[in-house]
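As they're listed, the protein sequences go chains G and F.
Quick note on numbering: this note's numbering labels position 90 of the first sequence as 99, and the sequence is numbered without any gaps.
Quick note on numbering: this note's numbering labels position 249 of the second sequence as 622, and the sequence is numbered without any gaps.
Hints were generated in silico from the structure; no laboratory data involved.
Heads up, the beta-carbon is just placed ideally off N, CA and C, and yes, glycines get one too.
A portion of the hints provided could be inaccurate.
Heads up, simulated DSS-like pairs for lysine-lysine below, C-alpha to C-alpha not over 25 Å straight-line [to be verified]:
| # | chain 1 | residue 1 | chain 2 | residue 2 |
| --- | --- | --- | --- | --- |
| 1 | F | K666 | G | K72 |
| 2 | G | K196 | G | K169 |
| 3 | F | K666 | F | K700 |
| 4 | G | K72 | F | K571 |
Residues of chain F clear of chain G, computed beta-carbon distances all greater than 10 Å [as the list claims (entries may be wrong)]:
| # | residue |
| --- | --- |
| 5 | D477 |
| 6 | R490 |
| 7 | H511 |
| 8 | I606 |
| 9 | N638 |
| 10 | I722 |
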Amino acid sequence: MITNPLRESLKPNSLPHFFCPGCGAAQVLNYFVRATDELQIPVSSMVGIGGVGCTARIPVYLKMDAMHGIHGRTLPWATGIKLTRPDLKVVIFAGDGDAAAIGGNHLIQAARRNLDVTMIVVNNLNYGMTGGQVAPTTYSNLRTTTTPYGNPEPAFDLVKLVEAAGATFVSRWSTNRPHQCIRAIKKAIQHKGFSFVEIVSQCTTGFGRKAIGSGSPSKLLDWIKERSVTISEAEKLSNEELSGKFVLGDFVAKQAPIFSGSSFLPPEEEA
Amino acid sequence: MHKNRPRVLTGTHFMLGNFAAVEGALAAGCNFFAGYPITPANEVSERMAERMPEVGGVFLQGEDELCSIYALAGASLAGAKVMTATASAGFDYMAEGIEYAISDEIPMVIMDVQRTRGENFATQADVMQMRWGAAGDHELIVLAPSSVQELFDYTIRAFNLAEKYRSPVIVMSETTISLMRERLVIPPADQIEIINRKMTRSAPEDYAPFQAEIGGVPEMAPLGEGYNVLYSINPHNEHGSIKWEPEIFQRQYERITQKILKNVNDIVTTDEYLTEDADIILIAYGSEARPCKDAIDMARKRGGKAGLLKLNTVWPVPEKQILAAAKKASKILAVEMNIGKYAGEIERIAGCHAEVKRVTKNLGNIHTSGEILAAIDEVLP
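Isolated chain G, as found in the complex (with noise of 0.2 Å):
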């Protein structure tokens, strides 16, 4: 029997994955594969770290040390990891209220700080693991099982929160762009410092049947779809114009002095 080469970085027996049908962090496990495979580096030469929630679970099923289970700390675990083994490549899969809500200041640490790893948000608009709650990445008037009657708070722009933290690597893309997937996935492991990649993604047990009344796959990749500029296209709109939109690309690729620890002596003053 053939079986394809990329399964190599899963690890043995760990198939099928837990995701639901349809499911955009699945889509992401994908991406990220290709993306190491096309770099030629082996998966289980890095480190993958997911927190609590279905996009942490991408670490479960790849053939590599991970840390797991614990809800928005995964930051924390990748920096001791950094400061003890620089050497290690350290990948870390968050879903949007992982990285962003109970996760939240350790994310604008890690992009002051500038710690070398690589984070993948898969933003699918809610919680989905837990049954469909509103996210701080929920846009405003959606319904969730928490908003019965519609969100009333606003949304965060996660792309303008680490870039204002100083994060120098920015990109944010959607599952129904692969090629561009992959590209960003590929540019943020081979970056020096923090790189960040968010994925618009579709949760459609959660999210979609309740924000706009459907659970399929393609409707919800159409939903995104529709609501998606490219930053060249976003430059022509106004903010009203932009309320509501995914804005797609690269948005910030740089470099800056690696966060270390104070673990460095200053030099030996003349006497």
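Chain G is fixed; fit chain F onto it per the hints.
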């Protein structure tokens, strides 16, 4: 500004308790510290920030206690010997991180300098929190120093136990001793016993990260070298795969708890003072052992046969030693600086053999020897 001092500051010092804990950690091989500012534990961080670069280690001031405790987990799995220091309220935040370290058997040392709620006065109010703060089934090792010297000695021991048993170990300090300066003798480096975690020699395909007999401790593997270990808090099998099977779950936590309980004789230590002929035995831990000793001397001068059982390890409970004391004496005084907490453990063990009386004080300061003497006098025959 920096002095390039060696890792072990052999010699006789007059040192602050919080500094002594740092020197103990360094002597034990600590090379990663993360902490968040909180009184009365700040001097631990400040000294670590100064000392870590001198010995090639890492100091991190986290953005909060959560960052600190989880950075410890990451650093420990990456091969470092790790420590944090906090105080009561900060320990609240760290409870989940300790839970993670229990479930994935990650060595780390946590120093908790207990303080009164919302203030920095002396207390032993958190003796139960150390034990029960983390959710889920677990056994924890908690050491209770009573002096600056013991802060040094017990911190070394905490590292050795954490490494040996792949477990978080807590050093339960108090405002009294952490913010006190007294004599500290640091032995030569070659006279300090150091235990390091057992790293596997198995090939990745033969290695199971959570496999050991009941009472045993699994070997660890380095990160990024093909062992592909999943460290999840979720119930997992011996290979680390997330699995919900009731029997596997039951065995996982039987092994995690029994690796502490089956080795209680190795972990638990106590000191005894004039207990041989004692009719009244005081049981105390931490700084409260000090006024007890003085009060016993005073009582002895008047012919009162009192003695002290000092619990150097509070968790797991020194059951054998408490039971022996209860069989020896007719009266037990359970002395502590809180509303009466550990007394419940003492009553549980000693209650059938001796009369147990609680001697508690919850005024933000330590018992005076006079107060303890009065408690002894009350129960003298």
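Cross-check of the supplied hints:
1. K666/F / K72/G: violated, 58 Å
2. K196/G / K169/G: holds, 19 Å
3. K666/F / K700/F: holds, 21 Å
4. K72/G / K571/F: holds, 24 Å
5. D477: violated, 8 Å
6. R490: holds, 24 Å
7. H511: holds, 15 Å
8. I606: violated, 3 Å
9. N638: Correct as stated: the minimum Cβ-Cβ distance to chain G is 33 Å, above 10 Å.
10. I722: Given a closest Cβ separation of 35 Å, the condition holds.
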